[in-house]
Structure formats: C-alpha cells, structure tokens
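> Chain residues, written in single-letter form:
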Amino acid sequence: MSPDAIIQMFHVCKAYGRGGRALDDVTLRIDRGDFVFLTGPSGAGKTTLLKLIFCAEQPTMGQIIVAGRNIHRMSSSGVPLLRRHIGVVFQDFKLLAQRTVFGNVAFAMEVIGRPPRDIRRRVTTVLREVGLADKANSLPSRLSGGEQQRVAIARALVNEPAILLADEPTGNLDPALTLSIMGLLSDVNARGTTVVVATHDPLVLDAVPRRRITLTGGRVLTDVG
Amino acid sequence: MVARTHYFLQQALRSMRHAPWVQLVAVSTIGISLLVLSSMLLVLRNIDALSSAWGQQVRLVVFVRAGELDPTRDALKRSLAELPEVESVAVRDREVAFAEFKAALGNDDVLVDGIDASLLPSAIELTLRPEHRNPAALSSLAERVATLQGASAIEEVAYGQDLLEKLSKLRDGLRDLGLIIATLVILAVIFIVSNTVRLAMFARREEIEIMHLVGATAGFIRAPFYIEGAIQGAMGAAVAMALLFTLWRTLSPDGESVLRFELGYLPFEFLPTPIIAALVLGTSLVGIIASHFAVGRFLRGSPSS
Chain E
1075 MSPDAIIQMF HVCKAYGRGG RALDDVTLRI DRGDFVFLTG PSGAGKTTLL KLIFCAEQPT
1135 MGQIIVAGRN IHRMSSSGVP LLRRHIGVVF QDFKLLAQRT VFGNVAFAME VIGRPPRDIR
1195 RRVTTVLREV GLADKANSLP SRLSGGEQQR VAIARALVNE PAILLADEPT GNLDPALTLS
1255 IMGLLSDVNA RGTTVVVATH DPLVLDAVPR RRITLTGGRV LTDVG
Chain F
7 MVARTHYFLQ QALRSMRHAP WVQLVAVSTI GISLLVLSSM LLVLRNIDAL SSAWGQQVRL
67 VVFVRAGELD PTRDALKRSL AELPEVESVA VRDREVAFAE FKAALGNDDV LVDGIDASLL
127 PSAIELTLRP EHRNPAALSS LAERVATLQG ASAIEEVAYG QDLLEKLSKL RDGLRDLGLI
187 IATLVILAVI FIVSNTVRLA MFARREEIEI MHLVGATAGF IRAPFYIEGA IQGAMGAAVA
247 MALLFTLWRT LSPDGESVLR FELGYLPFEF LPTPIIAALV LGTSLVGIIA SHFAVGRFLR
307 GSPSS
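Residue numbers (our numbering), protein chains in the order written: chain E, 1075 to 1299; chain F, 7 to 311.
FYI, nobody ran anything at the bench for these hints, they're computed from the structure.
Keep in mind it's a predicted model, so treat the numbers as computed, not measured.
Heads up, the beta-carbon is just placed ideally off N, CA and C, and yes, glycines get one too.
Among the hints, a few may not be true.
Unchecked claim - Cβ pair distances, simulated, as ranges:
1) Arg-181/F - Leu-1213/E: 56 to 66 Å
2) Ser-1151/E - Glu-171/F: 29 to 39 Å
3) Leu-1213/E - Leu-185/F: 45 to 55 Å
What the hints assert, rightly or not - Straight line, CA to CA, 20 Å or less: simulated SDA-like cross-link-like pairs of lysine to any residue:
4) Lys-1125/E - Ala-81/F
5) Lys-172/F - Asp-182/F
6) Lys-1125/E - Ala-209/F
7) Lys-1168/E - Glu-212/F
8) Lys-1168/E - Phe-208/F
9) Lys-1125/E - Glu-212/F
10) Lys-1125/E - Ala-129/F
11) Lys-1209/E - Ser-1254/E
12) Lys-1168/E - Glu-215/F
13) Lys-175/F - Val-49/F
14) Lys-1209/E - Leu-1251/E
15) Lys-175/F - Arg-306/F
16) Lys-1168/E - Asp-182/F
17) Lys-1125/E - Arg-306/F
18) Lys-1209/E - Gly-1187/E
19) Lys-172/F - Leu-305/F
20) Lys-1168/E - Leu-305/F
21) Lys-1209/E - Thr-1198/E
22) Lys-108/F - Ala-129/F
23) Lys-175/F - Ser-58/F
24) Lys-1125/E - Leu-305/F
25) Lys-1125/E - Thr-223/F
26) Lys-1168/E - Glu-1184/E
27) Lys-1168/E - Ala-209/F
28) Lys-108/F - Gly-120/F
Please model the entire structure based on the sequences and the hints provided.
In structure tokens, the structure reads:
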C-alpha cells in the first residue's frame, strides 16, 4: 500500500444473490486528506461502495485496504476497531429521538468506552465546530434538517476518524442548507480528514469542485479531478 | 472496569424501565413456573428427610416361630449379633410385648381379654450401627437374615418395609416428575427471556445500529442484554421463593418446620439457603443463556453488524 493511500480497492466485485453485480471490477485509490465525490445515477453502486469501506458488506471478489488494514483478512473483532477510524453520515441522519444533541454526539464516545470527562470536553468542542454549541440540550425533533445533519456530522467526527463517509448527506435538505453542509464538510477536510461523499445532486457537485468518481452499473466510468 | 459495569447495568435497567409491563409479565411468568419446580423440590426434600428420619428410628425385628425352643432362638440371636451392621441384639419378652400392646389399645384393651401372651411369637430386635440406619441397608440386611444359620426358625422379618417402600416409590416418582418439570421450566425461562430481550433489542434497534457504526465491540453491545436476562431470571426466582415461603408459612404458621396433624406431626422444613441460592443463580444463568440466543439471532439480522 502506498504511504499516502488511505483507501485502496483492487478489482472489487460485489454481487447480491442472483440480482447481478452491484459493483464490478472496481479499482481505485483515495489518498489521506482527499475530498472525493462518488457520483452516478441511482443503483450505480455508490452506497454499496461506501458499505464495503466501513465493512457493512463484504466484497464478493477483490481486495480492499482501509487505513492500512486488509478487510478480507480482518477478523470480526477487528471490524469495530476499524470503524473507530471511520465516521459515517446518512441522508436520514439516524439520530436518536429521545437523546439531546449532546447525548447523540456523546453516544458515539460512550459506546466505545471513553471516560465521561473526555466525552464532555470533546463533545463540547465538536458541537462548537459544527455551529451547534447553543443547541446542545435540544432534542433532534426541535432542529431543522440542516441542524440535524450537523448533529450527525458531529457524531461522526467526535471520535476523530481519519475518514468521513457521507451517503447523500444533503438528500433531504433545501439548496441553502445543502451548501452550508457542504461548507462544513470542506472545513472538516481542511482539518485533515479524508472525506468521501456519495451524491447525485448536481448542486453539490457544482458547488464544490473536487475529485469526482463516476459509477455506472457498478463500474467506474470516469475518475476526474 | 467498574465504570463500564455501571454503564452496562444502567443501560439494562433503562431498557427494562422502557417496557415495565413486559417485564412484569415476564418476571411473573418465570416466578410461577419456578414456583411449581421449587414446590416440588420442597416436597422432595421433606420426603427425603422423613425417609431418612424413619430409617434412623426403625429397628429390624426378627419374629421367631411360636413353637421353637429357646436354644434355637438363642443360636439365632448369636448369629444375628455377629452381623457387621448390627450394633446390639435384644430378645423381646412376650409378656412385656403383650402388656405394651394392651396399653396401646387403651380403652379397647378388652378386645384382648382372655388371650394368652404365649400366642405371640418371640421377637429379636436388632439395632443397627448408625451408618447402616437407612432403608437400603435395612432391606439388604433383611434379605441376608433369611439366609442365616437357624433361619428356618424365623417366622417374619419386619422393619416397616411397606411404608419405607411406599415412601421410596413416591420419592422416585416425584423425582422423575421434578426432572420433567425442571426441563419444562428451563425451556419456559429461555422462551420468555429470549422474547423479552428480543423486544428490548427491537426497541433499541436504532441505538444498536449506531453502536455498530461507531465501532462498539460485540461485547459492549451484548452486555446490557445479558444483564437484563440475568436480572429477569433472578427476579423471577426471587418471586418464586417469596411465594413458596408464603405458602410454607401458611401451612406451618408457627414457623416450627412441622406439619401438625391430629395424630402427630411430620417434619416440614423450608428449602435451605444453598438450594435457594442455586435456584436464583441457576435461573440467572439460564436468563443469560437465553439472552445470548436472542442477541445472536437479532444481531445476525442487523444491517451493519
């Protein structure tokens, strides 16, 4: 593995039963500190590719190396440890309705056994970074869609991952909020985190001119930027 | 470690508070199932105690035919005294036995008026050494007595065998039934706990999904549910013990550990502490095993596991 590469895929295929291949012979490399868009029409394989990176799925064929670990050779007990290096953000936010903003972000640290003092300090810092310090005690239901996505991003970042994966992070947001979230992701990237965003939203792609990997039918069509 | 255990316990209790009625139904059902089993244990234990107490008291009595001469009887007595299980041998005088019999009849002693004590057979009473005072030893000794030299003079060997055999059969029957009930109770506890744990996991499925995503270990995700299963099992067993104790106090109101009847009393002790502890810990363990099955099944179907 190249010293700068943080994600590498070699001839990766992913098939679901007899439903054909979601990914077909994908080879790519993403370096530490990159900001990459995965784009393409619905069903192109963007989400599957993200799932392979954070080990929610196993490839049918090929090799994947993430943060220096070969996923194929990793034991099931190694998966949680790898995931501590990866933050994931979804279109539907996946926030816990009964927990406050602070509680949602703190949860990601609680469940990996971090001490309460560290949790208080770190969550306060991250909420300040995403501009939600004043909403720490609010429940998610009292927040706008953009704010909810900021909470989800704060939760993904709180354990200081090397990689941030975002699957259609602006899919539920209006154009103004979309741009604000993309601005936040750019800031995260500027602080050194590798960011991979799966999107088919032209507004996002036009607003942030970055490397763009286009998938079609599970294959890499173009890799530009 | 302490902080982590505290966190797991907190999560387990939070999950249980989330669905109090489900917990109540689960704990009561486990409690009632265990009450059946523990009642059986209580009866079995007291039958064992009774059987052993009777075995301690019972003597083996060898009746000698009425027409036998004293030398034959004395030779038999000597043979009996040489048996290793026998502590002492005494010839019971006919006249004394007859007087005791009359006394036992009380006001009805007129029934034996005019009957001669010589009609009674001579009796040799054997007292066994303490280690042989049990139904099995009595039975084996009675068989051997019949093969001794001079055994032809024996009319009958008696040691209350009918009662002891009945008691033994009852105990064996109850023990078999107890095993069947124990199996059913274990299956019932597994069924109840695994279903309530699955419900709890379903209620927390979003949390579990996020735990997977942020890198919580399998142990961290499972531990609160194991604790929940253990608590359910222990609480169910505690409910069963409380009900059984109430039942026991009702039957034995003075706490004298006896059941009083018109003609006397039977020993009736509550379950000893080690058995109570074993029941509570055992049910907790079954709760953990049931949670393990439920958690495993649930997590296998989890999208990010």
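> Give a verdict on every hint.
A quick look at each hint next to the structure:
1. Arg-181/F - Leu-1213/E: 56 to 66 Å: 58 Å, holds
2. Ser-1151/E - Glu-171/F: 29 to 39 Å: With a Cβ separation near 60 Å, Ser-1151/E and Glu-171/F fall outside 29 to 39 Å, so the hint is violated.
3. Leu-1213/E - Leu-185/F: 45 to 55 Å: 54 Å, holds
4. Lys-1125/E - Ala-81/F: 96 Å, violated
5. Lys-172/F - Asp-182/F: OK: Lys-172/F and Asp-182/F at ~15 Å, within 20 Å.
6. Lys-1125/E - Ala-209/F: The given pair, whose Cα atoms are some 24 Å apart, is violated under the 20 Å limit.
7. Lys-1168/E - Glu-212/F: 7 Å, holds
8. Lys-1168/E - Phe-208/F: 15 Å, holds
9. Lys-1125/E - Glu-212/F: OK: Lys-1125/E and Glu-212/F at ~17 Å, within 20 Å.
10. Lys-1125/E - Ala-129/F: 92 Å, violated
11. Lys-1209/E - Ser-1254/E: Holds. Lys-1209/E to Ser-1254/E sits at ~17 Å (cutoff 20 Å).
12. Lys-1168/E - Glu-215/F: Roughly 9 Å separates the two Cα atoms, so the pair holds.
13. Lys-175/F - Val-49/F: 14 Å, holds
14. Lys-1209/E - Leu-1251/E: 17 Å, holds
15. Lys-175/F - Arg-306/F: Violated, at roughly 49 Å.
16. Lys-1168/E - Asp-182/F: With a Cα-Cα distance of about 54 Å, the restraint between Lys-1168/E and Asp-182/F is violated, given a limit of 20 Å.
17. Lys-1125/E - Arg-306/F: 17 Å, holds
18. Lys-1209/E - Gly-1187/E: The given pair, whose Cα atoms are some 25 Å apart, is violated under the 20 Å limit.
19. Lys-172/F - Leu-305/F: 53 Å, violated
20. Lys-1168/E - Leu-305/F: 18 Å, holds
21. Lys-1209/E - Thr-1198/E: 11 Å, holds
22. Lys-108/F - Ala-129/F: It holds: about 17 Å lies between the C-alpha atoms, which stays within 20 Å.
23. Lys-175/F - Ser-58/F: 14 Å, holds
24. Lys-1125/E - Leu-305/F: Between Lys-1125/E and Leu-305/F the Cα gap is close to 17 Å, so the pair holds against 20 Å.
25. Lys-1125/E - Thr-223/F: 18 Å, holds
26. Lys-1168/E - Glu-1184/E: Since the Cα atoms of Lys-1168/E and Glu-1184/E sit roughly 17 Å apart, the hinted pair holds (cutoff 20 Å).
27. Lys-1168/E - Ala-209/F: Measuring from Cα to Cα gives roughly 15 Å; hence the hint holds.
28. Lys-108/F - Gly-120/F: Given that 20 Å is the threshold and the Cα spacing comes to 12 Å, the pair holds.
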